[in-house]
Amino acid sequence: MEHSLQAENLSFAYPATDGGTPIPVFEGLDLTIEKGSFVAILGHNGSGKSTLAKHFNAILLPVCGRVCVFGMDTKDEELLLEIRRNVGMVFQNPDNQIVANVVEEDVAFAPENLGVEPKQIRRRVDEALKQVGMYEYRTHAPHLLSGGQKQRIAIAGVIAMRPECIVLDEPTAMLDPKGREEVLQTILQLNRDHGMTVVLITHHMEEAALADRVVAMANGKIVCDGTPKQVFSQVEKLEAVGLTVPATTRLLYELNKAGMNLPLDALSVEECAQALKEALNQSSAAE
Amino acid sequence: MLKDITLGQYFPGKTIIHRLDPRTKIIMVVVYIVALFLAVKYASYGLMLAFLVSVMILSRISPKRLLSGMKPLIIIILLTGILNIFYTGGEHLLVHWRFIRIYREGLINAGYMILRIIMLISGTFLLTYTTSPIELTDGLERLLSPLKKLHVPVHELSMMMCIALRFIPTLIEETDKIIAAQKARGADFETGNIFRRAKALVPILVPMFISAFRRADELAVAMECRCYHGGEGRTRMKIMKMKLRDYVTFLIGALLLAGVIVLRHFGL
Ligand SMILES: Nc1ncnc2c1ncn2[C@@H]1O[C@H](COP(=O)(O)OP(=O)(O)OP(=O)(O)O)[C@@H](O)[C@H]1O
Ligand SMILES: [Mg+2]
Chain A
0 MEHSLQAENL SFAYPATDGG TPIPVFEGLD LTIEKGSFVA ILGHNGSGKS
50 TLAKHFNAIL LPVCGRVCVF GMDTKDEELL LEIRRNVGMV FQNPDNQIVA
100 NVVEEDVAFA PENLGVEPKQ IRRRVDEALK QVGMYEYRTH APHLLSGGQK
150 QRIAIAGVIA MRPECIVLDE PTAMLDPKGR EEVLQTILQL NRDHGMTVVL
200 ITHHMEEAAL ADRVVAMANG KIVCDGTPKQ VFSQVEKLEA VGLTVPATTR
250 LLYELNKAGM NLPLDALSVE ECAQALKEAL NQSSAAE
Chain B
0 MLKDITLGQY FPGKTIIHRL DPRTKIIMVV VYIVALFLAV KYASYGLMLA
50 FLVSVMILSR ISPKRLLSGM KPLIIIILLT GILNIFYTGG EHLLVHWRFI
100 RIYREGLINA GYMILRIIML ISGTFLLTYT TSPIELTDGL ERLLSPLKKL
150 HVPVHELSMM MCIALRFIPT LIEETDKIIA AQKARGADFE TGNIFRRAKA
200 LVPILVPMFI SAFRRADELA VAMECRCYHG GEGRTRMKIM KMKLRDYVTF
250 LIGALLLAGV IVLRHFGL
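These protein sequence lines are chains A and B, in that order. Quick note: the first sequence uses numbering that gives the first Met the number 0, first residue 0, plus one each step. Quick note: the second sequence uses numbering that gives the first Met the number 0, first residue 0, plus one each step.
Be aware that a few hints might be false.
[Claimed, not checked] Lysine-lysine pairs mimicking DSS-like chemistry, simulated, CA-CA at most 30 Å apart:
#1 K63/B <-> K40/B
#2 K276/A <-> K236/A
#3 K256/A <-> K228/A
#4 K236/A <-> K220/A
#5 K118/A <-> K129/A
#6 K74/A <-> K34/A
#7 K276/A <-> K220/A
#8 K237/B <-> K129/A
#9 K129/A <-> K40/B
#10 K237/B <-> K118/A
#11 K70/B <-> K176/B
#12 K63/B <-> K118/A
#13 K118/A <-> K40/B
#14 K70/B <-> K40/B
#15 K242/B <-> K118/A
#16 K147/B <-> K242/B
#17 K70/B <-> K118/A
#18 K118/A <-> K182/B
#19 K177/A <-> K176/B
#20 K242/B <-> K148/B
#21 K147/B <-> K70/B
#22 K228/A <-> K177/A
#23 K13/B <-> K129/A
[What the hints assert, rightly or not] Residues of chain A placed beyond 10 Å of chain B at every Cβ, according to the derived structure:
#24 Q5
#25 E33
#26 K53
#27 V62
#28 G64
#29 G70
#30 E77
#31 N100
#32 G114
#33 I120
#34 H203
#35 L279
#36 E286
To be clear, the hints were calculated from the coordinates, so they are not data collected in a lab. Here a beta-carbon is modelled for each residue, glycine too, at the ideal position from N, C-alpha and C.
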């Protein structure tokens, strides 16, 4: 498979502030993300998720090792714009990402920076706004929109660059459940319908369960990596590094501890219910 | 409580004044201000007033709205008027009481002064009321772009203005929240002498500054992520193009200026 984002033997430390020692974050991290996949990155606070994300579009540069995006080394300054155009980045607080005070002007910001032709910009802006379902709001003022809507505008602002990949750093952390649902649907759609590579950094296990692949990090290292089912069934390992598992897995895990024998990879509520029903049927049949 | 601030407010509309190119409007305001300072007496003021009223009618901005925007400036306007009454000498002494002398010329002068200030403010208000902040900064950037050759950071300045305009509502909302939070903890902003009140503001200003700096930091990263690299090689989605109506407006502006200069020549 084609690789889109690739970190090889990545080491990074934040420079020391006022004479102290530098703060190391990664030491020899390897991670490859396939093109077109949807990867969720989990990890406790301070585990280095945001730092990793910022390496993928050359906001931060590795101290040792290298980061390649679509075959371009992020250390190559000549390619800086091309790298940033290909890897769109969305952050937690939508308020601090929106530049202009009209929705469509904000979405136009990135293509304008790239020197795209005016007519082409118009087309991209309309398309991006339709993709996130905010086309009717194109002339509104962003500060009057809801959190979920603002975050979708931020996503539109990024996809107007026509990136190959989009990295979202806790995009739903400041949103209410409704806004969260809207943003998640938008992300899923981008991945499924438009084949965009998606990297979603999150604290919500339920969101991570939607991905094709889950990477769990702790203290700058990858502790678990695999499909959601594979990762979440390692309950002890995750809990040892301060991560919780989805409520469904938790329930099955506790039941197993109490002596039942249930599969831990029943992630969705339906699967979990099914697994429980089967177990109950079996036990009543055995009696 | 801070939400009522109407600084540089914009009232969306579709009138011909709204649709004029922002550059035209900015140039016209400059022409209008110059003409206003060249005006001397009834006739020239009449001409200027006629122009102002026609723009007001065309843009469907009611005089009430214009005047209500001037409320915070009333003291300055009145003060200028009063000072003019006392400091203008003349021939027709009207009141003489101890050291106060009021001449007829003083009253007339004060009247003109107040009229001039009100007309000046009305003119600039009509610009900001009918032009969105984005258009305004864009127009300014393009008008001033020849200064780039003299190394004036025109693009940077207009970007700064644009971002400031974008963040004013966000910061106001945040200030309201912080004030409410401090009030809920028993902070008192309304009583006591001025020093006491100023001191009470510290717990608001400190979190405000911290949060503004954090925002600025995040915004800078977000802008870089969206390929911002200064004004070089940047295009715009909306291209500005002068239309027939803009040229007609310039003609009217030239006529207005010429008219005032001629009237001035005859001392009218
Ligand atoms: N600008 C910075 N300067 C110095 N140290 C930093 C900086 N940003 C982060 N760190 C440190 O680097 C480590 C990793 O931080 P990072 O922000 O990547 O974590 P995270 O996984 O995104 O956490 P969270 O879930 O809270 O967002 C932390 O120990 C943090 O203290
Ligand atoms: Mg983070």
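Hint check:
1. K63/B <-> K40/B: Roughly 26 Å separates the two Cα atoms, so the pair holds.
2. K276/A <-> K236/A: holds, 27 Å
3. K256/A <-> K228/A: holds, 19 Å
4. K236/A <-> K220/A: At roughly 13 Å apart (the allowed maximum being 30 Å), K220/A and K236/A satisfy the hint.
5. K118/A <-> K129/A: holds, 17 Å
6. K74/A <-> K34/A: holds, 21 Å
7. K276/A <-> K220/A: violated, 38 Å
8. K237/B <-> K129/A: With a Cα-Cα distance of about 19 Å, the restraint between K237/B and K129/A holds, given a limit of 30 Å.
9. K129/A <-> K40/B: violated, 58 Å
10. K237/B <-> K118/A: holds, 9 Å
11. K70/B <-> K176/B: The given pair, whose Cα atoms are some 26 Å apart, holds under the 30 Å limit.
12. K63/B <-> K118/A: Not satisfied, since the Cα-Cα distance of roughly 41 Å exceeds 30 Å.
13. K118/A <-> K40/B: Violated, because 51 Å separates the two Cα atoms, which is more than 30 Å.
14. K70/B <-> K40/B: holds, 26 Å
15. K242/B <-> K118/A: holds, 19 Å
16. K147/B <-> K242/B: holds, 26 Å
17. K70/B <-> K118/A: violated, 44 Å
18. K118/A <-> K182/B: violated, 51 Å
19. K177/A <-> K176/B: Holds - the C-alpha atoms of K176/B and K177/A are around 23 Å apart, at most 30 Å.
20. K242/B <-> K148/B: holds, 27 Å
21. K147/B <-> K70/B: violated, 38 Å
22. K228/A <-> K177/A: Status holds; Cα separation ~26 Å.
23. K13/B <-> K129/A: It holds: about 25 Å lies between the C-alpha atoms, which stays within 30 Å.
24. Q5: holds, 19 Å
25. E33: holds, 22 Å
26. K53: violated, 8 Å
27. V62: holds, 19 Å
28. G64: Per Cβ check, G64/A is outside 10 Å of chain B; nearest 22 Å; holds.
29. G70: holds, 19 Å
30. E77: Its Cβ never comes within 10 Å of chain B, the nearest being 13 Å, so this holds.
31. N100: violated, 4 Å
32. G114: Incorrect as stated: the minimum Cβ-Cβ distance to chain B is 5 Å, not above 10 Å.
33. I120: At about 4 Å from chain B, I120/A fails to clear the 10 Å cut-off, so the statement is violated.
34. H203: holds, 21 Å
35. L279: holds, 51 Å
36. E286: Holds, because the least Cβ-Cβ distance between E286/A and chain B comes to about 60 Å, which exceeds 10 Å.
Checked against the numbered hints given earlier, this structure breaks hints 7, 9, 12, 13, 17, 18, 21, 26, 31, 32, 33; the rest are met.
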